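S.K.: Sequence:
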Amino acid sequence: SLAVAAGGAQAEFKVGALLPLTGDLQAYGESSRNGINLAAEEINAAGGVLGEPMTIEIADTQTEPQSGVDAAQRLVSVQGVSAIVGALSSGVTIPVASSVSAVEGVPQISGASTSPVMTDLDDNDFLFRTTPSDAFQGTALAEVAADEGMDSVAIMYINNDYGEGLADAFTDSFEAAGGEVVGTSAYEPGLASYRGELSQVSDGESPLLLIGYPENGQPILRQALEGGHFRDFLFTDGMKSPQIVENLGAQYLNGSAGTVPQARDDTDAAQHFTEAYEASFGELPPVPYIDTAYDAVYTIALAAVAADSTDPVAIRDHLR
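Going by our numbering, the residue at position 289 of the sequence shown is 289; the numbering climbs one at a time, nothing skipped.
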């Protein structure tokens, strides 16, 4: 009644969405937004949260740490969100958690950030995720490399928490199983040339493990092929985008292997998600982190119901 008297309308339950609608991870931004919106539409069709409609406030991180922090601060201070879904890049999620979520006391769930650093981050227990840590993906990737007959690899990784954490996890598992890492180099996004880094890590025959994102991953792959540095490739979840194959040509990437976290697809929940997504947006694209974003929204809504409150701390306290 207070909400009606003050605003003339029912109060809204606001959830923020930090998405890379531009920048290095733009290839995942739109599909993740679809997953988030789908969850909100279903929740509202079922009566909303505690009788209030859920609204999603979208903010672009530009796949940049400072832009992400600024966007998160606006979501909390200006939009008044009760929780945040995102970001995608660990290099954005971690600074947002440290300087906004933990400080302002707003729960944050990333559907895509896999850095092992997040597990022990000093976040006042306001940061969560709906995807596995790269402490596990590194082990799985080492097994894939062995299955593919790769006894040595070179590594290039994006210079952020995601790249460094996954490179370290893979190296530990790969070397423990008897593999050899012939060269490792971090790279900065947005450069015109990566030929120096490619030349530095290449031994002329080992495959390249590229840990990065689609926008900068494409010029690295193109220069790797043009310069004759690498013929075979190993990828991680951040590079799983059909655009890469379309732009570079399937003939150059045939035989590549990689890993990506994925839920089982034979459950009732997974089948519902796929059917609901296709009904709203068309074919479910072969990129990760759509269902995990959808799950994050539902988890926030369910926690609010369990808490019988849309207060951010109360939601946090009921997430587990």
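These are calculated hints, taken from the structure and not from any lab test.
Keep in mind that this is a model prediction, so the values were computed, not measured.
A couple of the hints might just be wrong.
[Stated by the list, open to error] Below, computed lysine to any residue pairings styled on SDA-like, alpha-carbon distance capped at 25 Å:
1) K240 x L225
2) K240 x D266
3) K240 x E205
4) K14 x E30
5) K14 x E41
6) K240 x E275
S.K.: With reference to the structure, classify each hint as holding or not holding.
M.R.: How the hints compare with the structure:
{"no.": "1", "hint": "K240 x L225", "in the structure": "18 Å, holds"}
{"no.": "2", "hint": "K240 x D266", "in the structure": "22 Å, holds"}
{"no.": "3", "hint": "K240 x E205", "in the structure": "24 Å, holds"}
{"no.": "4", "hint": "K14 x E30", "in the structure": "20 Å, holds"}
{"no.": "5", "hint": "K14 x E41", "in the structure": "13 Å, holds"}
{"no.": "6", "hint": "K240 x E275", "in the structure": "22 Å, holds"}
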